[in-house]
Amino acid sequence: MSIIKTQGLTKIYKEHTVEVRALNGVTMDIAEGEFTAIVGPSGSGKTTLLNIIGGLDKPSGGQVSIGDVDITDLNDNQLIDFRLNNIGFVFQAYNLIPVLTARENVEFIMLMQKRPKAEMDERAESLLKAVGLEDQMHKRPREMSGGQQQRVAVARALASKPKFVLADEPTANLDSKTAINLLDIMATLNKEEGTIFIFSTHDQKVIDRARRVVTLEDGKIVSDVLQN
Amino acid sequence: MVVGIAAGILFLGLAYGINNKRMEASINSYLSHVQIHHKEFRQRMESKYTIDDLQSVEQQLKAIPEVKAYSKRYVVNGLINSPRSGQGIIIKAINTGTDSLVSNLKDLIIQGSFLEKKRYPPILIGEHLANRLQVGVDKKVTVLYRSNDEEVANRFKVAGIYRSSALGMEGSIAFMRLEDFESQTGMSGEAHEIAIIANSLETVSNITEAIEAESSAVESWTDLAPELKLMDVMMDKMIFIIMGIILLALSFGIVNTMLMVILERTRELGMLMSVGMNKMKIFLLVLFETVMLSAIGGPIGMVLSSLMIGYLQETGIDLSSVGEGLKTFGIGSTIYPKLLEGDLLRIGLMVVAIGILSAIYPAIKALKLNPAEAVRAV
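Chains A and B supply the protein sequences, listed in that same order. Under this note's numbering, the first residue of the first sequence carries the number 1, and numbering increases by one thereafter. Under this note's numbering, the first residue of the second sequence carries the number 1, and numbering increases by one thereafter.
Everything labelled a hint here was simulated from the structure, so no lab data went into it. Treat the hints with caution; some may be incorrect.
Keeping only pairs whose Cα atoms sit at most 20 Å apart, straight-line, the calculated SDA-like set for lysine to any residue is [stated by the list, open to error]:
{"no.": "1", "chain 1": "B", "residue 1": "K279", "chain 2": "A", "residue 2": "L111"}
{"no.": "2", "chain 1": "A", "residue 1": "K163", "chain 2": "B", "residue 2": "M277"}
{"no.": "3", "chain 1": "A", "residue 1": "K58", "chain 2": "B", "residue 2": "A372"}
Fair warning: this is a prediction, and the values are worked out from it, not measured in the lab.
Extracted from the complex, chain A is given alone in its bound form:
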C-alpha cells in the first residue's frame, strides 16, 4: 500500500530573469517498508524532491499525499505539526544540537511531541542501542566522530515514530566504510521498525544497498529499479 504519492510534481525556481525547472512532472509512489535511494547527478532535483516530500518546500505544481493527507494543501503551521509527527529527517551535516548529549538530542524531538518522560527515556535508550551507541549516550556531538554523529541523527529521526525518514545525502560527509555501516544500520531499522527510508546519494556503494533506486535527471524520473 502506498504511503507517499507524488503526482506531476513541478518546481520552478526563478534566478533573476531565468526560470530553472528543478522538477518536471515527477510522479511516484512509495509503499510501506520501502528503503529507497533517489540518485542522479548534481542539479537533477534530488534535494528539491526530498524537500517537497518532506514539506520543507512547496511545489510549483502537482500534489504530494502522505497517507490521506495532501500536504500541498496544508498551511505553514499545519505543515510544521505534520512534520513533527510524521517525518524524520537526517541531514548531510548531522545538524545535532552541540550543547546537548547524544541522548538529549534524541529525546529532544519527543519533548516537542510532549511524550511522557519514561517513554522518552526508554525510546532514546533503545534507539541509541539500535544504532550501536549505547556507550556514547552521554557524549556531546563534538566528542563523537562524524559517523557516530550521523548515527545519533538517525536515532533522532526515528524518535518521533515517523511514517518515513528522509535522508538527504546522509553519507556525503562520511568515508565509505562508515557510510556502508550507517546504511546497514538504517536498513536494519527499516526492517525492524518498518519505517520507510528515502535517501538521496551519489555514492555507488550506498546505492547498491538500496532496495529501490529512483534515478532523476533534469527533474524527471529516468529510471525506477527494484534491487535485490
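Chain A is fixed; fit chain B onto it per the hints.
Same frame as chain A, but now just chain B:
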C-alpha cells in the same frame, strides 16, 4: 554589553555627582535651603526692610523639627574700593557663630582667616573679587553702603579670601561680622535674612509650609536661585537624552550579537524548524536567549558600576586639570559620583526592556529562515 551598562551607570552617577556638587556648592556656601526676608526686601534690597516679626519667626523655627540650623544676617548692597579698583557688591553681615551651622564658608577660605576680630573690622571676599581689586589678605579696603537712608563708609581689613564654585558668588558677595554691622549702622536685634538648613533636601517644603509670617517671604532655594533649579532640570533632561543614546547603542549591540548568533546557528535553527518546532517556539527561543544575555550582562555591568561608584564616592574624581572650566559652571574640581535610590533598579528594568525589544528583530529574522536552505547553511 557589560561595558556599556557599566559605563552608562557610571556616567549617570557622574552626572548626578556633578549636579549635586553644583547645587551643594551654592546651598552650602551662601544660599542655604530656605531663606526668610521681608516681603519687599528681595525686590528693593533696602536696609529698612528687615524681618518684621523676627521673634515669632525664630520661635517657629525652633519648633519645626525639620530645621537643622538657622542664622540671621544683615544684607545690603554696597561698593567696595581698593586703591586700585572698585566694585559693586552684596555685603552679608553674619553671626560668625551661628552662620557656620548653615554655611561652609569657613572651609572655603584659601588665604587668611575667618572674620577674626582685629583693629579694623574684618571682611571676607572672594578670590575673583580680590583679583579684581588687586588686594590680598590684611590689605585695607573701603566699603560704602546705605543703611536706613544714611551712607555708611568704613575701612575694613581683608581678613580672608575664599574660593567657591557657586555661580557668581566669588565676584559679588563679601562677608562681614554682624556686630560690626550693628555698630556701624546702629541697628540691633534685627535681620534682613534668615538662612535655614533643613535636615534633608526632601524636607525643605515642610519648612516653607510650616512657617507663618504675614509680612515675610519664605522661599526655598529653588525660588531663590531659579537658575540652579533650571540647570537641575536641564541636567535631568541631558541625562535622559544621554542615557537614551547609551541604551540605544546597547540595543544595537544586542541586536548585532543576536544576529550573529542566528547567523552562526542557522543550521541549528533550520534543523529545529525542519523537524517541527513551531514558529512561536523559535521566536521565544531567540527572545529567551536575548533576555538571558541582558539578564547576565545587565547585573554584571550594574555590580561593576556600583563598585566603581562606591569607590569613587569615597575618593572622588579629581578634575583639577579642567577645574577652571568646571568652576565656570558652578562645579568644584573634585566630583563625587552619586546614584539616586532606585536608580539601579530602574536601569535594570530598562536593560531588560531593551533586551526584550532588541530581541524582536533578530527573532523575526530567525522566523524568516527557509528551513530547507538553513539546514544546508555553511
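Now the hints, each set against the structure:
Our distance criterion of 20 Å between C-alpha atoms is met by K279/B and L111/A, whose separation comes to about 16 Å. Restraint check for K163/A and M277/B: satisfied, since their Cα atoms lie roughly 18 Å apart, inside the 20 Å limit. For a cut-off of 20 Å, the pair hint linking K58/A to A372/B stands: about 11 Å separates their Cα positions.
No hint from the list above goes unmet by this structure.
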